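Asker: Chain by chain, the residues run as shown.
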Amino acid sequence: MRKPWHKSNAELFAKTKQEIETNYPELRVAVENDTVFLRGSFTIEENGEILDRYLIEIQFPDDYAESIPILREVGGRIPWTADRHVSNNPLQGEACVIVPEEWLLRPDKDSIRSFLSGPVRNFFIGQSLVERGKPWPFGERDHGFKGLYQAYGELIGVSDPETIRRYLDLLSRDPIKKRALCPCGNGKRLRDCHLELVLRLQKKIPPSIAHRAFGRLCSGSQR
Amino acid sequence: METNEYLRAVLAAQQLKDDSAELKELQSERAKVEEIIRKKFGSVPTIRYGGSKAKGDLIKESYDLDLICYFPFDSNAGGETLENIYRNVRDCVSATYYVDEKTSALRLKSNDLKEYMRDFHIDVIPGRFTDDKKGDCFIYQKSAEKCRLKTNLDVHISHIKNSGVLDALCLLKLWKIRRVIKLKNFVFELIVVDLLRGKKSSSLADQLTHVWTKLKDSSEPIAVEDPANPAGNDLSPYVKAAWSELSGAAAATLTSIENSGWENIFGTVSKTSTAPSIERMQRAAAAVISPNKPWCPNA
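These protein sequences, in sequence, are chains A and B. Residue numbering for the first sequence follows our numbering, beginning at 144 and increasing consecutively. Residue numbering for the second sequence follows our numbering, beginning at 246 and increasing consecutively.
Keep in mind the hints are simulated off the structure, nothing from the lab. The model shown is predicted, which means the values in this text are computed figures rather than measured ones. Among these hints, one or two may not hold up.
Label-pair distances were calculated between CB atoms; the ranges are [unchecked claim]:
id	chain 1	residue 1	chain 2	residue 2	range
1	A	Glu305	B	Lys277	46 to 56 Å
2	B	Lys277	A	Asp226	21 to 31 Å
3	A	Phe281	B	Gly477	49 to 59 Å
Taking lysine-lysine pairs in the BS3-like style, the calculated list, with each CA pair at most 27 Å apart, reads [as the list claims (entries may be wrong)]:
id	chain 1	residue 1	chain 2	residue 2
4	A	Lys277	A	Lys289
5	B	Lys379	B	Lys391
6	A	Lys160	B	Lys379
7	B	Lys305	B	Lys427
8	A	Lys158	B	Lys427
9	B	Lys359	A	Lys277
10	B	Lys444	B	Lys429
11	B	Lys406	B	Lys305
12	B	Lys379	B	Lys395
13	B	Lys445	B	Lys305
14	A	Lys158	B	Lys406
15	B	Lys298	B	Lys429
16	B	Lys359	B	Lys277
17	B	Lys359	B	Lys391
18	B	Lys406	B	Lys298
19	A	Lys150	B	Lys461
20	A	Lys277	B	Lys269
21	B	Lys305	B	Lys284
22	B	Lys485	A	Lys277
23	A	Lys160	B	Lys461
24	B	Lys485	A	Lys150
25	B	Lys347	B	Lys359
26	B	Lys277	B	Lys305
27	B	Lys354	B	Lys387
28	B	Lys391	B	Lys347
29	B	Lys285	B	Lys347
30	A	Lys160	B	Lys459
31	B	Lys429	B	Lys262
32	B	Lys461	B	Lys485
33	B	Lys379	B	Lys277
34	B	Lys427	B	Lys444
35	B	Lys298	B	Lys378
36	A	Lys277	B	Lys354
37	B	Lys378	B	Lys359
38	A	Lys150	B	Lys427
39	B	Lys359	A	Lys289
40	A	Lys160	A	Lys150
The C-beta atom is built at its ideal place from N, Cα and C for all residues, glycine as well.
Kindly produce the complete structure, drawing on both the sequences and the hints.
Answerer: The structure is reproduced here in structure tokens:
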């Protein structure tokens, strides 16, 4: 059986705890049945001023930091509705702060501080505004698969869902064969078509992430 | 600002006035719940209000209301057994609310699709009086070793209300809430009141430091007695389950005070007391360097 991440990667666990202790005194790390949680009060601060606060729980996945941490608001303040970007079924109140692959492509994906000060803070700034009748400050993805296609499409630079799938399928392969059909769909070989673009994308989107994204689109399970 | 002055300011910022939107909503929801229960069970059950408002340790960030629904000792109107009473009251309110079944309480949340799971901060506690004096009562304990617990609302309210340490209790509850420590509030209150016995005249800072030091230094979970049933109720499983969290958080808090001061624990007062304005939040949004869009898997 695979060791839980906090045991197999003690260095990352120590770094995670250190980042919390130094930057978030109202959050604390707890390990329960080999699952690592982060619980406490998350404050939205601006220029040293606390604008709002939320009670949160973050659950670290077993394969952290290869998967995105799971955020839940536990104060009962945010409804579990798609419009508030909180999943009600079957995900038990998971906040969907960002399309997971968008986060996993970040070079600082293994920094809990970056996660908290980035997508988590952005999410709660949005919640505080939406609660007061304002729109999402940074926009929002469509729900379900449409939102995934938007995110992956922006990464790849195309918008047609079939083309996005073909690109992700190709980028999942390691190595990529130049005589494969080009994912743009015009019937040419890759070497005679969008090879340069694919090589550029390969640097941006590693095969493991492309594979996850492609799998998410194919499996019917979006989580 | 001197420490005790600072702590008083934190307390002041946590006050919830009777005409506040939160309490008004709570009162209106409470009336709705009572109506639903009365419609089903008529005038048979005694319905009373407990919780932090009655005990005097209500704070803005934790303003739960307990609505007790106790049936007479000789009546089966709510059900034959305590478990039946619990289930029947649950079924009665679950037509209108999403009901989160706690050990003894039924936590009411919204089941409206637009507000799904928003917490109303109301716990309904079904039970049955032990006799016609309508003081002591048995409540059902779901998934606990003993399936019933003897309790007394008045004894609990008076134990806390007259503890002489309400200010420290409010601050420690705030500390516990903000650290999401999973320990029943009433058990935590009993621990604090017990630890502060003989410390009533100490300053707030000394009281808080004393409690955290005791929690940090005690190698075993602190034994706590339920004043409503001193010999009969074993609260140790609750304390035991939360002990490492509680003790660890207390140790971290003391270290944090030593290294960075009290404001690291409760925040900067002048900056936490004002309601977040839309403009300030919009300014914070405008300053974000790496924005991202939320998503939801539910189509």
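Asker: All hints, please: hold or fail.
Answerer: Verification of the hints:
1. Glu305(A) to Lys277(B): 46 to 56 Å: The hinted range 46 to 56 Å holds for Glu305(A) and Lys277(B), with Cβ atoms some 51 Å apart.
2. Lys277(B) to Asp226(A): 21 to 31 Å: holds (25 Å)
3. Phe281(A) to Gly477(B): 49 to 59 Å: holds (56 Å)
4. Lys277(A) to Lys289(A): Distance ~23 Å between Lys277(A) and Lys289(A) Cα, so the pair holds.
5. Lys379(B) to Lys391(B): holds (22 Å)
6. Lys160(A) to Lys379(B): violated (51 Å)
7. Lys305(B) to Lys427(B): holds (19 Å)
8. Lys158(A) to Lys427(B): holds (25 Å)
9. Lys359(B) to Lys277(A): holds (16 Å)
10. Lys444(B) to Lys429(B): holds (23 Å)
11. Lys406(B) to Lys305(B): It holds: about 18 Å lies between the C-alpha atoms, which stays within 27 Å.
12. Lys379(B) to Lys395(B): holds (13 Å)
13. Lys445(B) to Lys305(B): With a Cα-Cα distance of about 24 Å, the restraint between Lys445(B) and Lys305(B) holds, given a limit of 27 Å.
14. Lys158(A) to Lys406(B): Distance ~44 Å between Lys158(A) and Lys406(B) Cα, so the pair is violated.
15. Lys298(B) to Lys429(B): holds (16 Å)
16. Lys359(B) to Lys277(B): holds (19 Å)
17. Lys359(B) to Lys391(B): violated (38 Å)
18. Lys406(B) to Lys298(B): Distance of about 10 Å is within 27 Å: holds.
19. Lys150(A) to Lys461(B): holds (26 Å)
20. Lys277(A) to Lys269(B): Satisfied, since the Cα-Cα distance of roughly 24 Å is no more than 27 Å.
21. Lys305(B) to Lys284(B): violated (32 Å)
22. Lys485(B) to Lys277(A): Status violated; Cα separation ~45 Å.
23. Lys160(A) to Lys461(B): Distance of about 19 Å is within 27 Å: holds.
24. Lys485(B) to Lys150(A): Holds, because 25 Å separates the two Cα atoms, which is no more than 27 Å.
25. Lys347(B) to Lys359(B): Roughly 24 Å separates the two Cα atoms, so the pair holds.
26. Lys277(B) to Lys305(B): Between Lys277(B) and Lys305(B) the Cα gap is close to 22 Å, so the pair holds against 27 Å.
27. Lys354(B) to Lys387(B): Holds - the C-alpha atoms of Lys387(B) and Lys354(B) are around 19 Å apart, at most 27 Å.
28. Lys391(B) to Lys347(B): holds (15 Å)
29. Lys285(B) to Lys347(B): It holds: about 22 Å lies between the C-alpha atoms, which stays within 27 Å.
30. Lys160(A) to Lys459(B): With a Cα-Cα distance of about 24 Å, the restraint between Lys160(A) and Lys459(B) holds, given a limit of 27 Å.
31. Lys429(B) to Lys262(B): Cα-Cα ~25 Å, so holds.
32. Lys461(B) to Lys485(B): holds (14 Å)
33. Lys379(B) to Lys277(B): holds (24 Å)
34. Lys427(B) to Lys444(B): Holds - the C-alpha atoms of Lys444(B) and Lys427(B) are around 26 Å apart, at most 27 Å.
35. Lys298(B) to Lys378(B): Given that 27 Å is the threshold and the Cα spacing comes to 24 Å, the pair holds.
36. Lys277(A) to Lys354(B): holds (24 Å)
37. Lys378(B) to Lys359(B): violated (44 Å)
38. Lys150(A) to Lys427(B): Distance ~25 Å between Lys150(A) and Lys427(B) Cα, so the pair holds.
39. Lys359(B) to Lys289(A): holds (21 Å)
40. Lys160(A) to Lys150(A): OK: Lys160(A) and Lys150(A) at ~13 Å, within 27 Å.
Checked against the numbered hints listed earlier, the structure breaks hints 6, 14, 17, 21, 22 and 37; every other hint is satisfied.
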